[in-house]
Every structure is written in C-alpha cells, then in structure tokens.
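Chemist: Since chain A is already given, all that's left is putting chain B on it; use the hints.
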Amino acid sequence: MASVVFYFQVHQPVRLRHYTVFDKSNRYFDDHKNASICRKVANKCYLPANRLILDLIRKYDGRFKVAYSVTGTLLEQLEHFSPEVLSTFHALAQTGCVEFLAETYYHSLSFIYSRDEFVQQVEKHCRTMEKLFNYKPKVFRNTELIFNNELAHQIESMGRFNAILCEGADHILGYRSPNYVYKPKGCEKLKLLMKNYALSDDIAFRFSNRGWAEWPLTSEKFAHWVNQVNGNGYVVNLFMDYETFGEHQWADTGIFDFMRHLPEQILNHPDNSFMTPSEAAANFDAVGEIDIPHLISWADTERDLSAWLGNAMQSNAIHELYRLEKKIRSMDDKKLMDDWRKLQTSDHFYYMCTKYFADGDVHKYFNPYDSPYDSYINFMNVLNNMHIRCGDKVDVEGERIEGLKSKVKATKSETLC
Amino acid sequence: MRVFMLGWEFPPFISGGLGTACYGLTKALDKLGVKVTFVLPRMVDDMAGTHVKLLSPEHSRVATIFQYDNFENVEFCAVKAALSPYSSVDQYNKQIESYILEKQKNTTIGGNAPMASAGQYCGDMWSEVHRYAAIACELASEQDFDVVHAHDWMTYPAAVAVAKMKRAPLIVHIHSTEFDRSGENVNQMIYDFERQGFHAADKIISVSHFTRNIIISRYGVAGEKIEVVHNGVEKCNGNALLQEAGIEKDEKIVLFLGRITMQKGPEYFLQAAKRVLDVEEDVKFVMAGSGDMMHRAVELAAHLGIGRNVVFTGFLRGEQVRKIYRMADLYVMPSVSEPFGIAPLEALNHDVPVLISKQSGVSEVLTHALKVDFWDIDEMANKIIAVLRYPPLSTTLKNYGNYEVRKLRWEDSASKCARIYQEMLVGV
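Going line by line, the protein sequences match chains A and B.
With numbering that gives the first Met the number 0, letter number 192 in the first sequence gets 191, and the count goes up by one each step, no holes.
With numbering that gives the first Met the number 0, letter number 275 in the second sequence gets 274, and the count goes up by one each step, no holes.
Isolated chain A (complex conformation):
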C-alpha cells in the first residue's frame, strides 16, 4: 500500500525596487514588477493548475487530495493583482480534499534569528488561513524545508500541530526510507513526514529534461515507480513548488496532461491512495526517530543553508536586518513593521547567492537582479533607510561607521602582517 501525499509550495516574494543610496523615500517595493510577475505566474500556473486540481478532486470524488502552503507575501499580492486566484483557492478549500499547511507568513528565516518573530509569523499565517479559507492548519512546514530537532520541538510546544515536514536527505536517512512516518528526536507526539526527493524531483526538475534516460515521463511510468514502494513504506511524499506546473515546466512540456492522468494511474492499483499530510500523520505510527541536530533544507545538492547564508554579504545582510528587531518593535509603527517583515523573505538572500552565479540554474528564476552584488547593494540601501526611519541615524550610523573603521583597520593590518 502506498499513499501519495502531494504538497505544493505556493510563494512569491515582494521584490524590492531599484533603491540607491540617494533615495530617501520609504517606498521600497516594485509594485509594477511584482504585479506583472504575479499576473504572469497566475496565468501560466496558478489559474490553470488550480482548475486542474479542482477538476481532479471532483472527478475522483474525494479520492484525490493535495496540500498547499501559500505564503502571506503571495496572498497579499494576489489580493491586489490577481484576486481570481484567491477565489479558486477558496473553491479548493471548500472541497474538503485540500489541506493548507502553516509556515512563516513572510517565508522567512526567522526561526534561525528570532524565536519571537518566528512564533508571531506562524501565528499570523495560521490566522490568515482561518480567515481566508476557514482552515485551521495542523501541519507545519518551515521556509525551504529548513529543519532541525529544535524546530520540531518548538513546533510541538506551540500545541497546534500534529506533524511537520522535512527533506528526506540521504545523509540523514542513511539506510532508512523516506516512505515511512517518523518522529523527530525529542518530540512526544509530533510526526515527521520526509520528502521523497527522488520521485519529487522527477516531476519538479527532470520532467522536461530530454537528456534524462527516463524522458519522456508518462503517468503510467511514474505510477509504476510508486507501486514499487509497496512493501517498503506507506507514503510517498511528493513535495514541490507549485510553479512546477506551467512555469518551471512549461505547459507545452505536457506537465498538465501528466498531472491530469496521474490520479487514474495511481488509483489503478487497489492498494494505492492519496492522502493529505494530516491524514498520513494520523493513519500511520512513527516507525522510528529521526535525529537532525544541524539545520538542513531542501535546496541544492548540499541540502544546507548555503543558498541563503553561504557568503559574507548574505550573513551580513540578515544579521543587520534582525539587529533592527528591537528598534522596530519599540517604534510601534505598522507600516515600518510590515516593511521590515517583507525584507525577511528568504528570496532576498537567495538573490545574493554566489554559489551558482556562474551557471545560472534555478537561482535565476524570477530573479530581478543582474548579479548577487547588485542585490546586496540594493538590500543594504533599503536597510539604511530603515535605520533612518527608526530615528537613530546618528546613533546607528556612527556606531556602524566606527565599527567599520576598526574592522577595516583590522583587516588591513592582518594582510600587512
């Protein structure tokens, strides 16, 4: 028996506009670009994919199920630029075959830098799910599937959640299979669902790759692979970006047709089924404990945080951002708080990544910058303006420049010695 658990990540950041050191305005975001990207993705992906999923749910009458994690930053943009997408999500929510997961509202890395902020963002996201879709999330997924034992513990202590998701990384699982339900180390009840990255990536990354030995991937072939799990696991966790449908894989690759026929092929086998993450957690006992002391993610081959925090610019930018937290809170200024939180979205740091800079790759997707350097400069200029809005220009600037000077001197004398 194999239960297929589909979860789709639905996210767009609020991109910054070109912001130079000479800018004084507190308008940081590029409404025009955000609107056009939002509408483009809505037309190519969100609308056709939602329609397809809705059709499938109706066709299979409750036997086909999926889960979504829709970020707050996208929901706000959809509301402004593409409200029809919101209504299709609403329709999906009403079928009872769709689960909405909880995450940080701003798709942030706040878990690593501020526990307070993290909890607030998760709460905010849960409230939004209730308000928009009348759905109380029971399962949590962290930004980019960033995970460790401590996160699991934190999530369990919040008392809302039954399960959490993470990457089924080889170096974590070893001989074990991602196709079982586990329990994170140190947790009492919380279940852990691990991504089957091989099968997920067959759809998300390799589907249209003509150099791939298995190309073209048909739904029959894929169902056959799922059937092979029978006897060696209960669940097949297929976690991927929703933009896989129509954006990462364009419609003319046949991705929508693949999806249209997949449920039929999967359900051909009497032992197979579709489940939501909540159902999978409820139906299966944990077969073992997974110990992840260090942070992992679902990104790149390294499955670590280097895509967001791998170079000096990234770690500097994010540290400077969270250093502002106290000031921002003390200001009690809603707009300021909202701006600060939108800067926390992980994409801003992803754009500063120099790892795959040369070969382009997935990092280029929807990237508004020519280079990671441009993105860092832009981000720091915005942050600089935010310092000024916090009213501590003299203080922070002076302190920072003093710090800079001594730092420069230190590095200079280091190289001189």
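Hints are not guaranteed to be accurate.
Calculated lysine-lysine pairs in the BS3-like style (CA-CA distance at most 30 Å, straight line) [as the list claims (entries may be wrong)]:
| # | chain 1 | residue 1 | chain 2 | residue 2 |
| --- | --- | --- | --- | --- |
| 1 | B | Lys273 | A | Lys354 |
| 2 | B | Lys415 | B | Lys234 |
| 3 | B | Lys273 | A | Lys23 |
| 4 | B | Lys357 | A | Lys354 |
| 5 | A | Lys32 | B | Lys357 |
| 6 | B | Lys283 | A | Lys354 |
| 7 | B | Lys415 | A | Lys23 |
| 8 | B | Lys397 | A | Lys354 |
| 9 | A | Lys354 | B | Lys406 |
Rather than coming from a laboratory, the hints here were simulated on the basis of the structure.
Owing to the predicted nature of the structure, the values given are computational and were not obtained by experimental measurement.
Modeler: Relative to the frame of chain A, chain B by itself:
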C-alpha cells in the same frame, strides 16, 4: 608551427594594454612551442638590456634581431620606424619633426651627411606605415613561416604585403578599433587601414564579443570570419602579501588607472566622484595615468569643486602601480568603449575589487565585478558608496574575483590562437 607576428610595442617599452597583451600571448605561445618572429617598430636605436641577447650583433640596415632570455621559441625584430602606439597623426608629425631636429644637431656635430639617417623615416604617418611594410617584406623574404599574425592597424599594410608575398594565411588580431579610440570622430586614414586589413584577412581574432559587434556593424565584415579570443592575465607572483607595513589611512581611495582619454571615460569618473562626495567624506579619487584629456580632467575636477579630493599622479609603472593598487579600496574603469580592458584583471590580481563599465569586453568574462553603464553616474556613485560602506561587499568581490581571475589564463588564449593557425593551414 611558425608565425610571423607584427606588433607595436613590447615590454618594457609599453604605454598601454596592447604591449601587455602581446607579451602575455607571445609568452604563452612560446610555452606551447610555437615559433614566433615578433616584428615591432622602434624609434630608438639601442635595445640592449640585461635580459636581451642580440642575434645580429651589427645593427643591420633595417632591423635589429634579438632574443629575450625567458623566451625559447620567440625571436624579436626591432624595425627602425617612427611608429608608436596610440599616437595620432598630429602627434606623429610633431614627433618626427623633433626627431629630425635632434638628428640634425647630432649629425652636424659628428660631421656626417645630415639627412642620410633622418631620411630613414618618412615625413608623414601614411608613408611611414608603408615604409614599415616595405621593410617587413624585406625581413620576411629571408624567413620561413606558416602564418602571419598582426596586431592592430599600424601593422596591417605590412602584414597584408607579407602575407601576399609569401602566400601565407593572414590573421589580424583586433585589440581596439578607431571607434573605440575616437568615438564618432574617426580618422579616415586609420579607418581605411583597419578596413583594408579586416577585409584582406583570412581570419580575424577579436578580443571580445563587444568588439566583434563593432567590426561587423562598422566595418561590414562577415561574422563567421571573426573569432573571439579573450585576453588572459599574468599571474601575480604572490608578492601581493609581502607588503610594506604602515599604510595607515582613514581615507578611502577610489582608483582610476589608465590613459586619460575620451575612450576611458575620465569625465564620468569625476561626475560620479562628485555624487559620492555629496554624501561621503574622506574619500580620495586617484587618477593615475596621462593622456590628451588630462588638462580637461583637472579643470573639470576644479569646476565640480572636488579638486581637494582628486589626485592626479601622472603615468605610473612597475612598483608605483603595485603601490597604488595596495592603497586602493576600489578600482573603477568607466570606459566609454573598451574592447577588452586588462587593467581590471590586474586590479583583482592585486586584491582590489572592481567596478567596470558594461561597454567593455572584460565584462563578458568577469562575473564577480560590479558593472554599470558608463553614462549612469548615479548608479556608478551608488556602487562606489556601497563598496566603501559595506565591507562584506568588498570582501566577497575580492575573494571570488581573485579566484575567477586565476581562471583567465594566457595559455588558454594562446591555445585558441594555435588552433586557429592550424585551421588556417588546413583550410589553405
């Protein structure tokens, strides 16, 4: 493989990037075992230096042949000609006048016939280029070689003549075009030399795609005839770390290093400097180099009211260049039209982050550099300030840039040239 190569300048007698490029390329070809006869015009008579071995002890009528110690397969021929790179027709006339005056003085004292030796040089540049071609043919007739490889326009008439005479394939290598040097005010004579050279060539090597596009659009050359071979950079001998102690400075230094000519965009550098100084204090803008726009640059700096923060050092070489790199926090190359631009690679080699104009060939090969349109002075200032204010930016640029530069090797450029030579021979 034997190559008859025609150039303009060669270290230590250089005034710009062309000499550096010829040196790097020839040295790498030497290592590949390609036999090169490198012909270059020289006005001065005595070439002898410590690391030079003269092969023809008595100065022959037309040329001096010698070899550098560190080259095995390369032989140099210095042809007595009054051609120097980057000079204009006016400059040539002045140069030749003063040379003749000088000669007359000397020879009158010596008692020889005054005009005899001065008569070696022709009175105008056009004739001199052709006289040079005649001498090159004379030299070539005594030599055996497979291909002719010529660098930039002054050598083209000579190269075309030699290739015709020996029925050898002609490769012209383009480091710069008249449009890069003069904008829209091109010198018709030079343009004609270039155009004839490009069309007579069997193959054109361009130092960038940027320049390739100019050759196609401005000279009407078919694209398939042009191959791009990017320049490399000499490895830094690691003495970047063995610096003298004591560069204590509170001021930040932003460096412009190159000829101060229209092509290099000095006025954009100064305009950006003005914008930077509007919001940042304690920044010095150093302009190292000389050129025909030097005076205008000095005036512009004064006019913008930033004279106190702009330093003109004049032309620097050797140790002085290394020293200025050590002091610099950022190197800026705001060129209006730069076929390649080796200097930013040298800056990175010296651990200085670079900001380069998008209108340059080097921006095709550097990813770890800040890039800006040369005319966009606000963005230029924005990026300069960012480097000065946010240390991680400079660190990241330096670390990755230094690594990236190490991958741009002359060996690779030379291998590409060697492959092109082979293809030419098969094709002919």
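Chemist: Determine for every hint whether it applies to the structure shown.
Modeler: Going down the list of hints, with the structure as the test:
Proximity of lysine 273/B to lysine 354/A is assessed by CA-CA distance (about 35 Å); at most 30 Å being required, the pair is judged violated. For the given pair, lysine 415/B sits about 19 Å from lysine 234/B by alpha-carbon distance, which is consistent with the 30 Å threshold. About 19 Å separates the Cα atoms of lysine 273/B and lysine 23/A, which keeps this hinted pair within 30 Å; it holds. Straight-line distance between C-alpha atoms of lysine 357/B and lysine 354/A comes to about 23 Å, which keeps the hinted pair within the 30 Å bound.
At roughly 23 Å between alpha-carbon atoms, lysine 32/A and lysine 357/B fall within 30 Å of each other, so this suggested pair holds. A hinted pair counts as satisfied when its Cα atoms are at most 30 Å apart, and lysine 283/B with lysine 354/A does not qualify at roughly 33 Å. Simply put, lysine 415/B and lysine 23/A have alpha-carbon atoms about 51 Å apart, too far for the 30 Å limit, and the pair is violated. Proposed proximity of lysine 397/B and lysine 354/A is supported: the alpha carbons are some 15 Å apart, at most 30 Å.
For the hint linking lysine 354/A to lysine 406/B, the alpha-carbon distance of about 16 Å falls within 30 Å, and the restraint holds.
Taken one by one, the earlier hints fail for this structure at numbers 1, 6, 7, listed in ascending order.
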